[in-house]
Every structure is written in C-alpha cells, then in structure tokens.
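Note that the sequence shown covers residues -11 to 72 in my numbering.
No lab work stands behind these hints, which were simulated from the structure alone.
It is possible that some hints are incorrect.
[Unchecked claim] Here are the computed lysine-lysine pairs in the DSSO-like style, where the Cα-Cα straight-line distance is at most 27 angstroms: (1) Lys10 <-> Lys(-10); (2) Lys2 <-> Lys67; (3) Lys17 <-> Lys31; (4) Lys14 <-> Lys2; (5) Lys62 <-> Lys10; (6) Lys72 <-> Lys62; (7) Lys31 <-> Lys67; (8) Lys71 <-> Lys14; (9) Lys15 <-> Lys(-6).
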Amino acid sequence: MKIYFKEGAYRDLKKLDVNIRKRILKKLKYYSSQQNFLLYAEKLVDSRLGEYRLRIGDYRVLFDVDGDKIIILKIGHRKDVYKK
C-alpha cells in the first residue's frame, strides 16, 4: 500500500521531535508493507476525524483507506489528536 499525507498531517509530523518523527515514519513503513495493514489499525467510532487510527507509543495516526492508498489525515499526541 502507498502512503499519502494530507497537508495538515505533514505539518503535524514536521512539528514533532526528530526521534518521534523517525519512529512514526519507521512504523508507517513497516505497517504499509504488511499483507493486511488494517490488522494493526483500530476503526474509529467518530469517522469525522478519519476511519482508522494507528497507535505508535503515545502518538496516534488518523487515516483513511482508499483502495490501495493510505491517506494520513492527522498525527498527534494521544491527549490532543482527537480535539478539533
């Protein structure tokens, strides 16, 4: 699966500490290379923020899936990522 970042998600990623950013990108690369990517994701109840989320330590990656594309919508700390 290919990963695409929305502009806001890309900005979220750039704001993070370098070590956290590397960890998130490494995990995204690993997850996207797996046969069934969604085994690692959890479906969100409120789909206004995205359909799914990945947990990477204390950080969450909110995303949608469109065919073979993973569209990253938002990245943030677990205490802030679900706030508007």
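Against the structure, the hints come out as follows:
For the given pair, Lys10 sits about 18 angstroms from Lys(-10) by alpha-carbon distance, which is consistent with the 27 angstroms threshold. As the CA atoms of Lys2 and Lys67 are separated by approximately 18 angstroms, the hinted pair is consistent with the 27 angstroms bound. Of the pairs offered as hints, the one joining Lys17 and Lys31 holds, with about 20 angstroms between alpha carbons and a cut-off of 27 angstroms not exceeded. Of the supplied pair hints, the one linking Lys14 and Lys2 holds, its CA atoms being roughly 15 angstroms apart against a limit of 27 angstroms.
Under the criterion of a C-alpha separation no larger than 27 angstroms, the hint pairing Lys62 with Lys10 is consistent with the structure, at around 16 angstroms. As the CA atoms of Lys72 and Lys62 are separated by approximately 11 angstroms, the hinted pair is consistent with the 27 angstroms bound. At most 27 angstroms may separate the alpha-carbon atoms for a hinted pair to count; Lys31 and Lys67 meet this at roughly 18 angstroms. For the hint linking Lys71 to Lys14, the alpha-carbon distance of about 25 angstroms falls within 27 angstroms, and the restraint holds.
This hinted pair checks out: Lys15 and Lys(-6) have alpha carbons roughly 18 angstroms apart, not beyond 27 angstroms.
No hint from the list above goes unmet by this structure.
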